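So the chains spell out like this:
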Amino acid sequence: MAVIQSNTAVIPGIYKMCVDFSGEVKPGQFFMLRAWDKDPLLSRPISVHDYQSGQLTFLYQVVGKGTEILATLLPGNEVTIQGPYGNGFPQVNTDLCVVGGGIGTAPLYYLIRKFKAENPNKKCRIYLGFRDYPYGVDEFAAVADEVILDVGGIITDKLSVLPEETVITCGPEIMMTAVAKVVPPENTVYVSLEAHMACGIGACLGCTCETKAGNKKVCKDGPVFERGVVFNV
Amino acid sequence: MSECLTTKFNDILFKNPVIPASGTFGFGREYEAFYDLAKLGGLCSKGLTLEPKAGNKGLRLWETPAGLMNSIGLENPGIDAFINNEWPHLKELDTVTIVNVGGKDEESYLTAIEKLNAIDIKLIELNISCPNVKAGGMAYGIKAETAADITKKVVEISRHPIMVKLSPNGEALVDIALACEAAGAQGISLINTLLGMAIDYKKKAAVFDNQYAGLSGPAVKPIALRMTHQVCQAVDIPVMAMGGISNWEDALEFIMAGATCIQVGTINFNNPMAPIDIIAGLEAYCVREKLDNIDQIRGII
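Residue numbers (the working numbering), protein chains in the order written: chain A, 1 to 233; chain B, 1 to 301.
For the record, the hints were derived by calculation from the structure and aren't laboratory data. Misleading hints may appear alongside valid ones.
[As the list claims (entries may be wrong)] With a straight-line Cα cutoff of 25 Å, these simulated BS3-like cross-link-like pairs (lysine-lysine) come out: (1) B:K8 / B:K91; (2) B:K104 / A:K220; (3) A:K181 / B:K57; (4) A:K212 / B:K57; (5) A:K181 / A:K158; (6) B:K104 / B:K152; (7) B:K204 / A:K65; (8) B:K203 / B:K8; (9) B:K53 / A:K212; (10) A:K38 / B:K290; (11) B:K290 / B:K15; (12) B:K122 / B:K152; (13) A:K158 / A:K16; (14) A:K16 / A:K26; (15) A:K181 / A:K212; (16) A:K65 / B:K104; (17) B:K143 / B:K221; (18) B:K57 / B:K204; (19) A:K114 / A:K220; (20) A:K216 / B:K57; (21) A:K65 / B:K203; (22) B:K39 / B:K290; (23) A:K216 / B:K104; (24) B:K202 / A:K216; (25) A:K220 / B:K203; (26) B:K39 / B:K91; (27) B:K15 / B:K53; (28) B:K202 / A:K65; (29) B:K115 / B:K153.
Quick caveat: nothing in here was measured; it's all calculated off a predicted structure.
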């Protein structure tokens, strides 16, 4: 159980929750959250938006009963969090180009903030694509070297990757597929997948994805994969 | 741990009657991060087939009120990989490993069983009830004649006891259970998932590529409890029951209905500690009720 410090709407339908937590958490990992007994049945996998010692932050979209309940929680309430699960993003030693779409931008903030803290001399650019209302842009602008924003269009139409950059993307699969296809083969591209999952630890096999190396579990083997492993590019 | 939960399933001694169910527990490795598997009465392996199986394509999970639908399709590494990669680890655990075996036809069942003759497992759960594979699986388990036929052939060649896992989707569950008992089964387990359907109205399509899929979780518990009671009343061999067991109270109800052991399935996904919580709850119940052994309330209904 974790005690909620804050839980507020960023824009309608998008919430930011901060909870007490101590331990090691890597960017790109996720937790299974629940604040109810049997209904809905499953816990909800939510990616880590930010982590600083003692405080874990989730940015989540209200899409169904589980996230509706999460959105009603108040400071001082408790939420069950299991994790961190998944391997998270790999260590990158080059400049970074990050492409996020919608709520898929959530795990990218901790990635960039940590990357810049550990690599102050390296560049990090981020492309942010939103269907209608943008959010988190100022926060990204505070940690990234450059923010390229698109609202209502197709973010990958604007994408231009520099030769030395490693690319990391998270968002709708159609967007990640486009990123995987348009980025030159010389650049390394990592994609963070999303999948229906029941357990989060590799036991249920509900989140299995086909890869060139056979079936992989999004929760345990991922959620981050090199593009060539999961996309035909 | 006290002796009040020790349970005999035929001549197999379980330190307690609580066993994570096949398909919810992998080969145990994922849960070792949460607790010592030796605390379990036993564990039941992921459903194994003779050859490796990639499982079903498309969406595999769908949540329903108090239930979970799955269409995993028996994804597993195959019997040989199990024997080579998983069994060396499992045999060192101080708990009973049950191996769940599925098949696509008679030959694949029998060859798989023959391969398992080479290792010292305590009990085989013969899966003739998986609703998520097109060939074999549930096709054997919905009629008494076919269930008895495959059971008889498997029992004849297996050097391990055979517990047949029954489908709730069959024609007459008690008849099937009796037929399996007559064919030599040394135990019955039930229930496998209930065949259901989900439609995504937004996409105007069935959720699962196979259209139908298996429903589990608390939603199925009353049905599983009724079926457990009916089968326990009818057969003389022990029954291992499952279906929506989420806490010690649920487990106790199945034991009161006559189950010798209980399997814990879908709840493992919500609460990895569920089997341990259930063991603790049953133990505390025995102490409160001053039972020397949980046998004393088994089948009282």
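*For the pair supplied as a hint, K143 (chain B) and K221 (chain B), confirm whether the alpha-carbon distance does not exceed 25 Å.*
The given pair, whose Cα atoms are some 23 Å apart, holds under the 25 Å limit.
*Under the criterion that the straight-line Cα-Cα distance not exceed 25 Å, is the pair K216 (chain A), K104 (chain B) satisfied?*
Cα-Cα ~24 Å, so holds.
*Going straight from one Cα to the other, do K57 (chain B) and K204 (chain B) come out at no more than 25 Å?*
Status holds; Cα separation ~19 Å.
*Given the hinted pair K158 (chain A) and K16 (chain A), is their alpha-carbon gap at most 25 Å?*
violated (28 Å)
*Are the Cα positions of K203 (chain B) and K8 (chain B) separated by 25 Å at most?*
violated (50 Å)
*Under the criterion that the straight-line Cα-Cα distance not exceed 25 Å, is the pair K65 (chain A), K203 (chain B) satisfied?*
holds (20 Å)
*Straight-line Cα separation of K38 (chain A) and K290 (chain B) no greater than 25 Å?*
violated (31 Å)
*K181 (chain A) paired with K212 (chain A) [C-alpha distance capped at 25 Å]*: holds (16 Å)
*Do the alpha carbons of K104 (chain B) and K152 (chain B) lie within 25 Å of each other, as the hint requires?*
This hinted pair holds, its Cα atoms lying about 17 Å apart.
*Please work out if K115 (chain B) and K153 (chain B) have their alpha carbons no farther apart than 25 Å.*
holds (15 Å)
*Would you check the hint for K202 (chain B) and K216 (chain A), treating anything up to 25 Å between C-alpha atoms as holding?*
Violated. K202 (chain B) to K216 (chain A) sits at ~28 Å, over the 25 Å cutoff.
*Taking 25 Å as the top limit, are the C-alpha atoms of K181 (chain A) and K158 (chain A) close enough?*
It holds: about 14 Å lies between the C-alpha atoms, which stays within 25 Å.
Checked against the numbered hints given earlier, the structure breaks hints 2, 8, 10, 13, 16, 24, 25 and 27 and satisfies all the rest.
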